[in-house]
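Read top to bottom, the protein sequences are chains H and Z. Under the working numbering, the first residue of the first sequence carries the number 1, and numbering increases by one thereafter. Under the working numbering, the first residue of the second sequence carries the number 66, and numbering increases by one thereafter.
These are computed hints drawn from the structure, not numbers from a lab. One or more of the hints may lead you astray.
[Said to hold, decoys possible] Derived Cβ-Cβ restraints for the label pairs, each shown as a range:
hint, chain 1, residue 1, chain 2, residue 2, range
1, H, V3, Z, T79, 42 to 52 angstroms
2, H, P9, Z, Q156, 35 to 45 angstroms
3, Z, T265, H, V3, 16 to 26 angstroms
[Stated by the list, open to error] A short, non-exhaustive set of chain Z residues, derived as facing chain H with CB atoms under 10 angstroms:
hint, residue
4, A73
5, I74
6, L112
7, A117
8, H120
9, H121
10, R137
11, W141
12, A148
13, F159
14, A173
15, T175
16, V274
17, G280
This structure is a prediction, so every number in the text was calculated from the model and none was measured. Glycine is no exception: its CB is placed at the ideal position from the N, C-alpha and C atoms.
These are the residues of each chain, in order.
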Amino acid sequence: MSVPLAALPDEELSVLDLADRLLNRGVVITGEATISVAGVDLVYLGLNLILTAVETIAQREARAK
Amino acid sequence: MTRLLAHAITRRATGGPSTGLRGRPLEQIAAGELDLWATRWDGEPTLSRDDAFAHHDLIAVLCDAGPCLPVRFGTWLNDEASARRSLEAEQDRFAAAVDRLGDRREVAITLLWLDAPSPEGRGHAVAPSGRAFLERQRALNAVTDERRSVAEALFEGLRRDLAVDQADVRHESCPSAEVALSMSLLARRDAADALKARATVAVGAIEGVRGVVSGPWPPYSFTADLETDGGG
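So that you can see chain H by itself, here it is in the shape it has in the complex (with noise of 0.2 angstroms):
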């Protein structure tokens, strides 16, 4: 089961957003830098990544339940 987007509180969707822009914004350095994320729970691309953790937040309220 997911949760519409709509039905978050603004706080949730605010945190996806950041988290959205941490992973896929800010500059990326070339050379001798790689970029790995391996590890982090949330990682996908775009928006998917608001999808997922959406999926994760149902899963968590539906455990509590």
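The hints should help you fit chain Z onto chain H, whose structure is shown.
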């Protein structure tokens, strides 16, 4: 093995925070006119969601101290020598970007369709036939084209209402079935809260969508200009 997890690039600074992520040492690596701020990291380079937000908190502190260019989360450097070489190789480009962003902050606007398709419809319980798949994709694309036009009109309306310079706005229309618009605005630090307040009023007046205004944050969405215009 020891590595460096990069956080931000600033002009040469005389001081700053000394603690990086998870209480590890924060290194200030100088090259030419710039400093790279990075956490010294012993052991496995695995990161968590909390690390991502700690990276954000650290960048916010650096941005409060002066002009600052956020580095994408998850950027690893082998050692200080490779960090210096990376900075030196793009010294002019990074310095121009730091100066261009100055003390400015990012305010984010996200508009969500109130009548978005059900999230359950995103997946397939059973793989459709080829023809059914194509017909379904064509129907989805038709909806998307119509919605994209509406989203673009919403963007233009917001940009006009908020009187933001074209160069200080980034947007993406319909990045997913549920999101109408993802928009980022750049504002001077001392004007960012006022812009956020105006944006909150403006999105609240739009029918058919729910608007969320976030920030101010460091200017994450405005570093991409480096790829196209050299920071001008």
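Does the structure break any of the earlier hints, and which numbers would those be? When the structure is compared with the hints, none of them turns out to be violated.
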